[in-house]
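Peer 1: Below, each chain spelled out in residue letters.
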Amino acid sequence: MGRSISLTVNGEMVTADVEPRLLLVHFIRERLRLTGTHIGCDTSHCGACIVLLDGVPVKSCAVLAVQADGRQLTSVEALAAGGKLHPIQAAFKQEHGLQCGFCTPGMMMSSFALLADNPDPDEEEIRWALSGNICRCTGYVNIVKAVRAASAQMKLSAAVPIPVGAGS
Amino acid sequence: MATETPLKGFIGESIKRKEDDRFIQGKGNYVDDIVLPGMLHMSILRSPFAHARIKSIKADAAQAVPGVVAVVTGDLLAQHKLAWMPTLSGDTQAVLATDKVRFQGQEVACVIATDPYVARDAAQLIEVDYDVLPAVVDPYQALEPGAPLVRDEKEGQSSNHIYHWEAGDKAKTEQAFARAERVVSLETFYPRCHPSPVETCGIVADISPVTGNATIYMTSQAPHAHRTLFAIVAGLPEEKIRILSPDIGGGFGNKVPIYPGYVVATAASLLLGKPVKWVEDRSENLISTGFARDYHMKGELAVTNDGRMLGLRVKMLSDNGAFYADAQPSKFRAGLFHIVTGSYDIPAAHVETDGAYTNKAPGGVAYRCSFRVTEASYLIERLVETAAIDLKMDPAELRSKNFIRPEQFPYTSATGFDYDSGQYEKALRLALEKAGYDELRKEQAEKRKRGELMGIGLASFTEVVGAGPGKHFDIAGLRMFDSAELRVHPTGKAILKLGVKSQGQGHETTFAQIVTEELGIPAVDVMVQEGDTDNTPYGLGTYASRSTPVGGAATAMVSRKLRDKAKKIAAHLLEASEADIDFDHGKFFVQGAPSKSKTIQEIAFAAYTNLPDGMEAGLEGVTYYDPPNFTYPFGTYLVVVDIDRGTGQAKVRRMIAVDDCGVRINPMIVEGQIHGGLAEGFGIAFMQLITFDEEGNCLGSNFTDYLLPTSWETPNFETYETVTPSPHHPIGAKGIGESATVGSPAAFVNAVIDAVAHLGIKNIDMPVTSDKIWSALHEVGAAE
Numbered sequence: 000m001g002r003s004i005s006l007t008v009n010g011e012m013v014t015a016d017v018e019p020r021l022l023l024v025h026f027i028r029e030r031l032r033l034t035g036t037h038i039g040c041d042t043s044h045c046g047a048c049i050v051l052l053d054g055v056p057v058k059s060c061a062v063l064a065v066q067a068d069g070r071q072l073t074s075v076e077a078l079a080a081g082g083k084l085h086p087i088q089a090a091f092k093q094e095h096g097l098q099c100g101f102c103t104p105g106m107m108m109s110s111f112a113l114l115a116d117n118p119d120p121d122e123e124e125i126r127w128a129l130s131g132n133i134c135r136c137t138g139y140v141n142i143v144k145a146v147r148a149a150s151a152q153m154k155l156s157a158a159v160p161i162p163v164g165a166g167s
Numbered sequence: 000m001a002t003e004t005p006l007k008g009f010i011g012e013s014i015k016r017k018e019d020d021r022f023i024q025g026k027g028n029y030v031d032d033i034v035l036p037g038m039l040h041m042s043i044l045r046s047p048f049a050h051a052r053i054k055s056i057k058a059d060a061a062q063a064v065p066g067v068v069a070v071v072t073g074d075l076l077a078q079h080k081l082a083w084m085p086t087l088s089g090d091t092q093a094v095l096a097t098d099k100v101r102f103q104g105q106e107v108a109c110v111i112a113t114d115p116y117v118a119r120d121a122a123q124l125i126e127v128d129y130d131v132l133p134a135v136v137d138p139y140q141a142l143e144p145g146a147p148l149v150r151d152e153k154e155g156q157s158s159n160h161i162y163h164w165e166a167g168d169k170a171k172t173e174q175a176f177a178r179a180e181r182v183v184s185l186e187t188f189y190p191r192c193h194p195s196p197v198e199t200c201g202i203v204a205d206i207s208p209v210t211g212n213a214t215i216y217m218t219s220q221a222p223h224a225h226r227t228l229f230a231i232v233a234g235l236p237e238e239k240i241r242i243l244s245p246d247i248g249g250g251f252g253n254k255v256p257i258y259p260g261y262v263v264a265t266a267a268s269l270l271l272g273k274p275v276k277w278v279e280d281r282s283e284n285l286i287s288t289g290f291a292r293d294y295h296m297k298g299e300l301a302v303t304n305d306g307r308m309l310g311l312r313v314k315m316l317s318d319n320g321a322f323y324a325d326a327q328p329s330k331f332r333a334g335l336f337h338i339v340t341g342s343y344d345i346p347a348a349h350v351e352t353d354g355a356y357t358n359k360a361p362g363g364v365a366y367r368c369s370f371r372v373t374e375a376s377y378l379i380e381r382l383v384e385t386a387a388i389d390l391k392m393d394p395a396e397l398r399s400k401n402f403i404r405p406e407q408f409p410y411t412s413a414t415g416f417d418y419d420s421g422q423y424e425k426a427l428r429l430a431l432e433k434a435g436y437d438e439l440r441k442e443q444a445e446k447r448k449r450g451e452l453m454g455i456g457l458a459s460f461t462e463v464v465g466a467g468p469g470k471h472f473d474i475a476g477l478r479m480f481d482s483a484e485l486r487v488h489p490t491g492k493a494i495l496k497l498g499v500k501s502q503g504q505g506h507e508t509t510f511a512q513i514v515t516e517e518l519g520i521p522a523v524d525v526m527v528q529e530g531d532t533d534n535t536p537y538g539l540g541t542y543a544s545r546s547t548p549v550g551g552a553a554t555a556m557v558s559r560k561l562r563d564k565a566k567k568i569a570a571h572l573l574e575a576s577e578a579d580i581d582f583d584h585g586k587f588f589v590q591g592a593p594s595k596s597k598t599i600q601e602i603a604f605a606a607y608t609n610l611p612d613g614m615e616a617g618l619e620g621v622t623y624y625d626p627p628n629f630t631y632p633f634g635t636y637l638v639v640v641d642i643d644r645g646t647g648q649a650k651v652r653r654m655i656a657v658d659d660c661g662v663r664i665n666p667m668i669v670e671g672q673i674h675g676g677l678a679e680g681f682g683i684a685f686m687q688l689i690t691f692d693e694e695g696n697c698l699g700s701n702f703t704d705y706l707l708p709t710s711w712e713t714p715n716f717e718t719y720e721t722v723t724p725s726p727h728h729p730i731g732a733k734g735i736g737e738s739a740t741v742g743s744p745a746a747f748v749n750a751v752i753d754a755v756a757h758l759g760i761k762n763i764d765m766p767v768t769s770d771k772i773w774s775a776l777h778e779v780g781a782a783e
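Protein chains in written order, with numbering that gives the first Met the number 0: chain E, 0 to 167; chain B, 0 to 783.
Chain B with its partners taken away, still in its complex shape:
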């Protein structure tokens, strides 16, 4: 029987994942799996009210429970100047409340005990006397005069207004609207949702009272940045802090911020001299850690009667909750929302955003998204659908008419983005062809005659990912570069150390493959190390689809550095001039004499044993890569739904996804990323909702109320690709982790609207649930 040659892992090869063996055997190592000798457990008492003044906190009864070691309150933290901490958006956030609570679920006190059950019991015995205040949960109401003031402790803060931010050219946009034959408008709300990785957030903080060394195991998507922030917030010397981010059970943006629980556990370990573990339960995760979206948007598109787009005007109100804690580059108050012109050549655009405090949990994380790109993509793609309805044009034709054409790249958008490459028409055509678009439209027309509701939804999204460039983009002042350190051992095996951190994306495989491509070392021989700040070079972490665009570029560049040195060694070994040495798939050979060659493994050995005179020993290097630009993945998604007039239920019949993320390193992993993103987009479109009642009670605090898609509801996905490399990325890759979550919600909603638009229904806000669809149908007399 012939045996297959095992794949080495060159770019484009779908090798199986190196990380899987431990996961399928239950040998992953997540934060909650870590147990240290003498470890204590922490439980947090949280506010039951959305807004209340704290009159007193009595902890005697809790303190008296056998096994309780300490009760930590805001007052105690205040003595150490730790009651408040900075947020990633330059605001402050209470670690433990001292004056009042500002959202339901806010951290009020912590119990540290020898046993987690005891800690939890004791937390319930803490008596907090609250003076309940009126809560404000709507950002429009929050900005009205006389609204309850959320941040009364902030000097100079006399209203709930946080910021005003603009992008684009206002005057030019006004002129475009003045010229327009028609203005299409859409007012829509992208509701609050939550990333909800299956693993919640947690920490084991271990500060040695003898050495002062702080070893912190935490669910961190950005361990290096977190180390620096810990140094700044807690005043710990940075060289003594080691952040270890072990296996992470999904992140999706939820594990980017620093949460109060991390700070208290660390402070408690410092004060008590023992390791302290805190792992949130699911409700804590949903009510207090980084939510996403919560954007009220009004978009207007200036068009000609034949569908040419002339200008785009957007006004938004962002609900930021009680503390402004968006995780985003500091100069960009609305993140990268101004990518809102999307895939279209719109000559003028202007975006205005305001942010408001409300009595809701803080956050605004980029949930599987590059800083508010999801909201932008949703708005423009819904707006194009609305325009197609108003203009009575086919939505595919309208898109096609306005796409940025391939020859226009590099393309500078009206809001200042420099798009690197794209073939939007090609992706659209492929989606239409694979779906059998014309046939579907015919079927729809026939069904409509019979009164049946069927819809076809499109979204031709463009994302902007891979931040830096560091000149403009930072997190808490830290420039958004990333890094790779590569050491090739004498036997030709290697270790690659990265500043990014996988949460399931398969870095141990994908990044090894970049080394395989550049140096020829088989991926199986390249160990990838991440998530240990003592043993990896500084980097900004994994979010905003930046690992491959930035960390991947760093990996390629450091491999090339080593290749240059390897060439010199090859020349020495082959007794040839360096200029005459060629490299191909792991072999260095003399030009025109391919039989005279040395493998990378032979050269690695020579790097430690037989060097040219004067050359430094070893084969290793480090690269810090600051990207010259973002990358711009794109694609077209097409969804077919059937709607039941009796129940309002929308059933997704088909979901066709064409993605272009440039060069695909491991196509199997890329496809897996797309599947996951599509399922999350489906969940956001149809079910995932965090909402609040008038008193600020969170209605989405567990998986009974906050619905996530299971295998039963989730449709099957049909995936296709086009490949348009990024011209500035060393291997032409663009990043893929988030495209599907960014692009798909609009396709799902557009499909629903396409099914009912002829009845006069032009918008239903997400989540597009059966009851909302039925109510909309009922209102126009079309429900059964």
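The shape of chain E in the complex, shown without the other chains:
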């Protein structure tokens, strides 16, 4: 009944036996105990479960764990490196881009994918890129500010390390 899968999770190789129907988000949370990835809606609307698969943001409640076989998975836990916050994390704190913190990991992973693709997005581009992430606390104003601040900071320090397993 189980299927063996192997994938890289935040830079480390993981092999596991999983039921074919196991959702990736449950694999991440329950099996790997990486609880920074959250579940908010079950229907891929809220984005609390967003992680990167081969550098691309996916809603892990709408992906099966077996689909991650052979791929590179990056979750919020990998953003900070070497005891240092990633500029996106620092900017979310600095600009008060979070309140209850539940949507925050998903927001930051979406922001990460955006900035990898478009290092200098304007407000409209940020709002569009984050429109698959629901936040009920902030009204998005400070999240937009945080992404802009992170973008500025990342341009300043081009040497910001890319999280392990984030792909190209």
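Honestly, the hints are just simulated from the structure, not real lab data. This one's a predicted model, so the numbers in the text were calculated from it and none came from an experiment. A couple of the hints might just be wrong.
Claimed, not checked - The calculated lysine to aspartate or glutamate pairs, modelled on EDC-like cross-linking and capped at a C-alpha distance of 16 Å, are:
(1) B/Lys26 <-> E/Glu29
(2) E/Lys92 <-> B/Asp20
(3) B/Lys26 <-> E/Glu76
(4) B/Lys470 <-> B/Asp625
(5) E/Lys92 <-> B/Glu507
We have chain E already, so just place chain B on it with the hints.
Peer 2: Showing chain B alone in chain E's frame:
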């Protein structure tokens, strides 16, 4: 390079939040993150019908699934007298249905299994034989003779009528209407919506079969009150119950009530001797837990021809669903709705409310609102807009003409509220100035000539928050005080323990700052603890914007208690008389000799090492604060919309928010609260709707149907402030969590109506969707 002096966190300083580090690194600790050894998982089977008699429940097939430990039905609970539970409004609610189901999504049976997937699979194998009954989903129909009786199990309940409640002076109001030159009326429906925090509700109940200790992790906005209710409902000894409310992923009122899932999980843990986890999925959250609003309102305003308000008359019908489970003070059946006179000096007012049972989910929670204040604010602000249309007056001028003036405070309203302070005109003027109101009106007139639709909407709201006073206000009989316990350690660091509970509001920072202000201990050195009933003093929790008004006041008062003792120690250390010791920003010094001083840290050390003779050691205390009055935050919101005649789409061009919440402790956090509230107000005004078909099927049971605003639709917000301190609050703060959700829906809708009123359209009920606007335009021949 010069380094900035780090902020200590005095009042008015926007220090960064202490709680953020764990959240941005994925290290928050929410209920669903908790895993205990041997933990079982629960899944709930819910009714597919809105109204049906249960003929039989067969659980054999479910029971036989490998991994299933137990199937719990209403009959099993009834054997333990747990099939029904009390609600926060003194009614009863079925935990698991025994006789019939009364709304779609009602809890019928639960499966407890070793794996959550197995629990869910097995729940689908339970066979329930239903006899479907006609459902009633409209409260007016529910009150007609012959309507299906929802609560046939209640003795003496022969109709669907729940209560009648009145406030104000009826005779005086009738006289005002008799004198009026004109009566303005508005009939409107504030539809059912749902708070929908991104984290749903959940519990891990862990009752030890050996000690009987019940450790309950739950998404609770009010852990102490919940402990007491668990003791009463489940018959557990209160000293053995420990409620732990860890990080909460947003509450907004949704996590105030006790839900059947909590009760069954706890009962199951008790019966099975193992921890049981239940976390709802989103559909369960939307179809069964605390909805909000669902108020049918008819308001009439007696006015003179030149726009002076003389009286206000309101009749309402509240749709309470199948169980009357409003979370509100017990004496106040319509919550604080009677604040409906708002910011206006209306000499006479009378409010009548009736409540009705229907075959819909129970609830009536105060969704980011202080007990029905949102409905009241919406009604009066829409009514003022209607009056401006009828009187052909500028809505800003009409408001201004009727505001309670600063010199009238403290002001007693016609329905009996004692307003503490306000400068309504000032907030309005600031909003108009920042918006460039006169220019906007000119632009609107020009656009109108070209057939373009542009609207400017105003709302000058007044809220009433911060319940107590405990003499009049309670939850399930518990007086609405709150508490703070402060311990200063020998090294001058402190721990502050509170009866309130953050769900994202930033308590760990804001409340530390109150201690900083009062004692001078830097906020970074004050650890704030909440959400653990064994380790915090009793309090009523966080909702109704009461944390800062009540818990914040308790924090200030306990800090002052400690300061008094610190002064005595300072006098001892400085060899001066206590009367000669002054305190300023963390330093105690001898009057006239500021060089002779001791810091709070030195005094804290002395409290454990070098005390005056006869003084008790330590520097700690606890305060239970019962506020003498509510606080009354206010503000003016101004919205500019452009409407497309071809599609009916209303695009919010600008949203200007002037808020006055008294003294702002951490302005950054306050502003964040306002942003969030405005976005929720925007969502309520334009998209968030829970509705039902004729058979009682919920049409809003997931995020495809129940629309929440994303970053794409949500407008940018321009925020401004005025500061009018509360005269009775120790630091002058009023509370801010809910103002924007209370005040903004009317501003959004008023903007839409302002754009189309000249075409003869005076009302569109929320949510004001494109299709509703287009239909209204089409009806008057103005759609393209």
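Peer 1: Assess, step by step, whether the Cα of B/Lys26 is no farther than 16 Å from the Cα of E/Glu76, and give holds or violated.
Peer 2: holds (8 Å)
Peer 1: For the pair supplied as a hint, B/Lys26 and E/Glu29, confirm whether the alpha-carbon distance does not exceed 16 Å.
Peer 2: holds (15 Å)
Peer 1: Take a quick look at whether E/Lys92 and B/Glu507 sit within 16 Å of each other, Cα to Cα.
Peer 2: The given pair, whose Cα atoms are some 14 Å apart, holds under the 16 Å limit.
Peer 1: Are the Cα atoms of B/Lys470 and B/Asp625 separated by 16 Å or less?
Peer 2: Status holds; Cα separation ~9 Å.
Peer 1: E/Lys92 and B/Asp20 were given as a pair; does the straight-line alpha-carbon distance stay at or below 16 Å?
Peer 2: holds (8 Å)
Against the hints set out earlier in the document, no violation occurs for any number.
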